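Visitor: Spelled out from the first residue to the last, the chains are:
Protein chains: 2
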Amino acid sequence: MQTESSPSRGSAGTKSEPLLIRVLKGETGPRPPVWLMRQAGRYLPEYRQVRARAGSFMRLCYTPELAAEVTLQPIRRFGFDAAILFADILLIPDALGQTVEVREGQGPVLPPLADAGAVAGLRPDRLHEHLAPVYETVRILRRELPAEVALIGFAGAPWTVATYMIEGGTSADHATALRWAVEDPDGLQRLIDLLVASSIEYLLAQVRAGADAVQIFDTWAGRLPASAFARFCLAPAAAIVAGLRAEYPDLPVIGFPRGVGERYRDYVVETGVAGISIDPTVDLDWARDGLQPLVAVQGNLDPQVLVAGGDGMRAATCRILDTLGHGPFVFNLGHGIVPQTPPDHVGELVRLVQGWRA
Amino acid sequence: MQTESSPSRGSAGTKSEPLLIRVLKGETGPRPPVWLMRQAGRYLPEYRQVRARAGSFMRLCYTPELAAEVTLQPIRRFGFDAAILFADILLIPDALGQTVEVREGQGPVLPPLADAGAVAGLRPDRLHEHLAPVYETVRILRRELPAEVALIGFAGAPWTVATYMIEGGTSADHATALRWAVEDPDGLQRLIDLLVASSIEYLLAQVRAGADAVQIFDTWAGRLPASAFARFCLAPAAAIVAGLRAEYPDLPVIGFPRGVGERYRDYVVETGVAGISIDPTVDLDWARDGLQPLVAVQGNLDPQVLVAGGDGMRAATCRILDTLGHGPFVFNLGHGIVPQTPPDHVGELVRLVQGWRA
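Chains P and F, in that order, give the protein sequences.
Using this note's numbering, the first residue of the first sequence is number 1, and each one after it goes up by one.
Using this note's numbering, the first residue of the second sequence is number 359, and each one after it goes up by one.
The hints are simulated quantities; they were obtained by calculation from the structure and are not laboratory data.
Bear in mind the structure is a predicted one, so any value in this text is a computation, not a measurement.
Take the hints with a grain of salt, since some may be wrong.
Computed footprint of chain F on chain P; a stretch qualifies when at least three of its residues, placed anywhere within it, have a C-beta under 8 Å from a C-beta of chain F [claimed, not checked]:
#1 132-141
#2 180-186
#3 202-212
#4 254-262
#5 281-287
Cβ-Cβ distance ranges computed for the label pairs, FRET-style [claimed, not checked]:
#6 F:698 / P:53: 40 to 50 Å
#7 P:128 / F:414: 52 to 62 Å
#8 F:651 / P:269: 22 to 32 Å
#9 P:133 / F:680: 27 to 37 Å
#10 F:694 / P:133: 37 to 47 Å
Positions of the beta carbon are idealized from the N, C-alpha and C atoms, including for glycine.
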């Protein structure tokens, strides 16, 4: 039975499900599905047009018709196997009352939390009201997307989102957030708990509106010292996965704890994700032998290799496909696409992956 | 026979060698030696006095009496088992003609290399003349240090130094350097080769002047994609180790490829270092099982834990000692000490480590 609230378009396990979903459930298809992190973005002229029309980045995120349009642009242009909702990991802090401003060339700016006491002043009660336009974007996408294209929802992981809330934006060393982790771990835990609960609410609403799978972006997981990793990366991710599974037992969740090296394996074992997205530093043979027996692997072309294109890109792509393509695998970059990327290189990459056979 | 040019103070392998050197040669003592990266630095009031007297950071590096004085300060105050030469990883680019300025609170600034063509304009011929004051600092330290305190020389790893030369200073994402690695790997290789040769020359001169061991700091190794890691991290480190061993077969070399996760093991296997310094993200059990059977391990207390001090610091320190202290191990931080560190916490840490018994 297909309803708007089902976590995937067809019945579980049938061939009518999008390729991405089948792979995340453990199948190895004739070839891997392909999508790229930040595939809707500034490298596309049609994105820049819509972005200009929206006036601001945050306004683009909150205007369903425009957010849906930029989500669809790379699907139309390149024929990716999955669309990822256009939104931002800082919409949750924005919804909680820490107003976010995104300045061109400078990144996001928000008034930093003074200390753990300030967590009590956040407003989880207004979450759904504030984020309603995002759910509307998902509903539009559900209608507009071809059946074979999976729709991925997402949220930032609690630790990564907390770093922005504590630092007031992007930070070179995350010194203040790391100091919270050490000097006031219980205070940080209160913020993390709030973000776990908000992320579950937010992601469930995305799935109810039509997302087939979700990804958790823990961009700064690699900064956590070993002593804080289990508490502030693994446990929150495990709690989010469990919270989602309570309502959607078959929902595929992809984790992306960027830059965690040998700890990717712990992440897979401890969180129960269906897919693990690996960054460009991860050795392919290690990923095949250590991760792929447990879970679908996603990644990990270096975004700069895609900028360069040519023989180097073709060789790197083939090496990834030949190493990981014989098991459950989703082709992707190892980090978001960068604005300097020539769209033609993206087109060639998609043709390469979609033409490859296991 | 003890000469000024011997790589360690006593005859090889005898008990008269400093504890650090014995551990780097594979011995497990009654307790690990302890020193801290950046132990001569801004957290010490006596350092700030000398730094003010020198006028500028670079001038402090190039004034042997002052550089030796700040190197000795933490030895006198805390009784560390090793002193590390006070210098900077950017002295090589400065010597090569890319003049470095260090601005308080902003970090180093140097005129960035325009492209690989600019490598030909660098001046390796003036290396030793420019760096002669550093060698003089080492000679002073050799005279002044107690026999049981090891003297560590150091250099930045070629990739890390290259990132500063290409970016013109510290960089959040190293995008330009990473682009060189992808778009002009042979051009980057010319720069790396020059830095390998200069580093060997520089480190050999430090050893001739009296350093007992050397450490190679590859602070940004963790940013290299897997496809470029062997070429730009492993191969240069292996070449430096081989170049040093050609003159000093028993010289202990410590490698610190920060943030490389599961690739620490490759680094140990491929470079032939005697010691591997691990950052705070590395799991202790993994280090004990995967690294310590091959090499002496050094690390990895989180610098923020040292800032916080108290029970948290004591518990983290004991866990490190109990896990790694039964094999060849050097107690250290996982990254440089930060200026906010209360000196009292450092004193307590040193007493803790030196009072521990395997």
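Visitor: Indicate, hint by hint, whether the structure satisfies it.
Guide: Do the hints match the structure? See the list:
Here's how the region 132-141 of chain P fares: 0 of its residues keep a CB closer than 8 Å to some CB of chain F, so the rule of at least three is not met and the hint is violated. Requiring three or more residues with a Cβ within less than 8 Å of a Cβ of chain F, the coverage given for the region 180-186 of chain P holds, as 3 such residues are present. By the rule of at least three residues with a Cβ nearer than 8 Å to a Cβ of chain F, the coverage given for the region 202-212 of chain P is violated, with 0 such residues. Only when three residues or more bring their CB closer than 8 Å to a CB of chain F does the claim for the region 254-262 of chain P stand; here the count is 4, and the claim holds.
Given a C-beta distance limit of less than 8 Å, the hint that chain F covers the region 281-287 of chain P holds, as 5 residues qualify and 3 suffice. For residue 698 of chain F paired with residue 53 of chain P, a C-beta distance near 46 Å keeps the hint of 40 to 50 Å intact. Take residue 128 of chain P and residue 414 of chain F: their Cβ atoms lie about 56 Å apart, and the range 52 to 62 Å holds. Distance hint check: the CB atoms of residue 651 of chain F and residue 269 of chain P are about 23 Å apart, consistent with the given range 22 to 32 Å.
The hint said 27 to 37 Å for the Cβ distance between residue 133 of chain P and residue 680 of chain F, and at roughly 53 Å that hint is violated. Taking 37 to 47 Å as the suggested C-beta distance range, the pair residue 694 of chain F and residue 133 of chain P conforms, at roughly 45 Å.
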